[in-house]
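**Q** The primary structure of each chain is shown beneath.
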Amino acid sequence: MRGYGSVSAAAVASRLGSIRVGKASVIQSVATLAVVIFAVSTPGFLSETSIRSLLTTVSFVGCVAVGMTFITLSGNIMSFSIGASMSATTIVFMVSVGLGLIPALVLAFLFCAALNGVQGWLVGVFRANPIIISMAAYSMIIGSAIYITGGSGVYPLTDRADILTRNLGPIPGPLAAFLLVALIGQLILSFTRFGRNIYLVGANPHAAKAAGIEPWRTVMWAYVAAGLFTAVSAVLVAARYRSGDMEHGIGYEYHAISAVLVGGTAIQGGEGSVLRTLVGTFFIALMQGLLILRGFGIEMQYLLIGLMVLGAIMLQWKGRT
Amino acid sequence: MSRHLRALMADRTVRSFAVLVLIIIVLGISDGGHGRVLTVNTTYDVLQQFATIGPVALALGLSMMVGEFDLSVGGILSLAGCVAVLTGSGSPVAGLLLAVCVGGLAGLAQGSIMTWLNLSSIGVTLGGLLTFGGLSYFLTRNTTIGYDRLDVALGVNAPLLGIFSVRSLTTIFLFLVAAFVVSWTRFGRDLLAVGSDRRAATIVGIRVNRILIAVFMISGSLTAIGGGLLSYGLAAASPTALADTLVPGAAAAILGGVSLAGGKGRPIGIAGGVLVLSMLSSGLTAIGMPPFAHWIVTAAVLFAVAILDSEELNRRVYSIRCALGKRSDLPPSGGSPILTEPQGDQ
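Chains as they are written, first to last, in the working numbering: chain F, 1 to 321; chain P, 1 to 346.
Note that these hints are calculated values from the structure, not bench results.
These figures come from a predicted structure and were not determined experimentally.
One should not assume that every hint holds.
To be verified - Covered by chain P, according to a simulated footprint, are these stretches of chain F (three or more residues, beta-carbon under 8 Å): (1) 119 to 133; (2) 141 to 153.
Unchecked claim - Covered stretches of chain P (chain F as the covering partner; in silico rule of three or more C-beta atoms under 8 Å from a C-beta of chain F): (3) 113 to 125; (4) 135 to 146; (5) 190 to 203; (6) 245 to 251; (7) 305 to 314.
By construction, the Cβ of each residue, glycine as well, lies at the ideal position given by its N, Cα and C atoms.
Chain F on its own, in the form it takes in the complex (with noise of 0.2 Å):
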């Protein structure tokens, strides 16, 4: 592929309008538009306050869901890890902030990126099981994490990292991030060697080793590139919270995989796109937002959830063989 710099309008808009094509778009569309109107006709929810919230926790989450996204699409189904590889990153970035807010953010990049990378290379080398291998790491950060804090989190006395909770102007600073997050992978996605080597892989790894693509290495670097995307959530989230502790990530692994999932990525690869985790991020957020509103409780935004998750794994039929 050449000339990306003289790449026609035609052919963006080409690219980006096939991201939406699916036989599941409609129906999507329909209950987005639902969804929508149910929320402006709920009273308070234009409310300033309570939108920004929302927007805010939702962006951690979705930080996260982008990087499951390359996952998913490289034909690995989802890490079970990445919530506890998040926790862990709030805990460098936050033992690492007394060297310097940029050091510490090199660091936390890095080890997250490594943590992901390494599963992603076990995965690709040996093709072994992706659910078995990140639950493996799941169990090998989670003990590791016990050893070395001693189950506690970290408190620094800095205020180093708290530029990070600044916002842009209107907007918060989180969705800002998110916003950016979503933008920079959908760029990779569409635009890159490397994102259009993700979609191949996804689709057929032995059709991709027969085109010359060696798939391990495409799907370690997915995986890397999950760990960046992780990574930006986890010192948002450290930020926010001036702590590193290994309750922050809890149940995002599960949380991103819906995103990923309601906004219509197909959960065996190679097929989706950053831009579909976005809606299903918004999505998701809106229907908890509207439940709080009209007054029921969390349980009811989890079984909401499931059942959303249920209701998009269905819609991905493939008809009858």
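Knowing the structure of chain F, use the given hints to seat chain P on it.
**A** Same frame as chain F, but now just chain P:
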């Protein structure tokens, strides 16, 4: 090593028990003669752990034997625990039966969706995991609900004959039944046939979809028995307390010789895998190791089995040997460095 011994070690079922003996010896040696490893108390502990992980491992193992993967066991375990505690204050047996019905129905629903819409089991059961987990949050209103029958709570865990309890005896019984069914019934033979080659199974006239649905129903029911008894024993139903059984359950199943590709494994082997993990966990505590050791050991087991079971291990080992200059003329069986790897369906 004699040929018989080698054949015995190659048997995946025997392997887990060999590992168990090895672990007992290693723990005994590192205990340094304090006699803390094989006591009545430790054995009781091991069997209690066995009763906690066992049903989940058996459920996951059966789904893996048929070539699928039932992620929903974590959700069904919580849901069954909540159902049993909420309905079992009058008659504990009725509560447990209702929980088992709920678990079976959950499996039936997932199995039907999967076969009807031709979907992957991982996707559907991931949705199931979140839905059933959410349902247990919904039933308990996101709090821990106490169980008012303390006699039952003490009864299911009370030591019988020194080392057993109602919970562990039930689990042992479940494993024996499963072993009988898999080895000596038509259903068991069909199950392994579907797991090893689905197309061939269809051609010889096995109703593949029925087998799949039945396996997921059994998986749900087994998990529900485990979850119900566990919640009775804890005298509480909590949507979060039982979440951490999926990982040890999967570790035990594959340690017990169940292949991730399907078609291989025996319930007795799974029992061996569960015993290995329980022995490690209780034994490490008994000889005074801190709690993180259990996590690290589980991780090591999972990494080792995932890599040993992986598709490309032979090929990678061969290419490393080539790079080191110890190349033999023939590649090892199971992988060729020149041809692309053979695919399952020709």
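**Q** For the region 305 to 314 of chain P, count the residues whose Cβ lies under 8 Å from any Cβ of chain F; is that count three or more?
**A** That given contact holds, which follows from 8 residues of the region 305 to 314 of chain P lying within Cβ reach (below 8 Å) of chain F.
**Q** How about the region 119 to 133 of chain F: do at least three of its residues have a C-beta closer than 8 Å to a C-beta of chain P?
**A** holds (count 9)
**Q** Check whether three or more residues of the region 135 to 146 of chain P sit with their beta carbon closer than 8 Å to a beta carbon of chain F.
**A** holds (count 6)
**Q** Are there at least three residues in the region 141 to 153 of chain F whose beta carbon sits under 8 Å from a beta carbon of chain P?
**A** holds (count 5)
**Q** Three residues minimum, CB to CB under 8 Å: does the region 190 to 203 of chain P make the cut for coverage by chain F? Let me know.
**A** violated (count 0)
**Q** Please count how many residues of the region 113 to 125 of chain P have a CB within 8 Å of a CB from chain F and say whether that reaches 3.
**A** holds (count 8)
**Q** Please count how many residues of the region 245 to 251 of chain P have a CB within 8 Å of a CB from chain F and say whether that reaches 3.
**A** holds (count 4)
Consistency note: the structure conflicts with earlier hint 5 alone.
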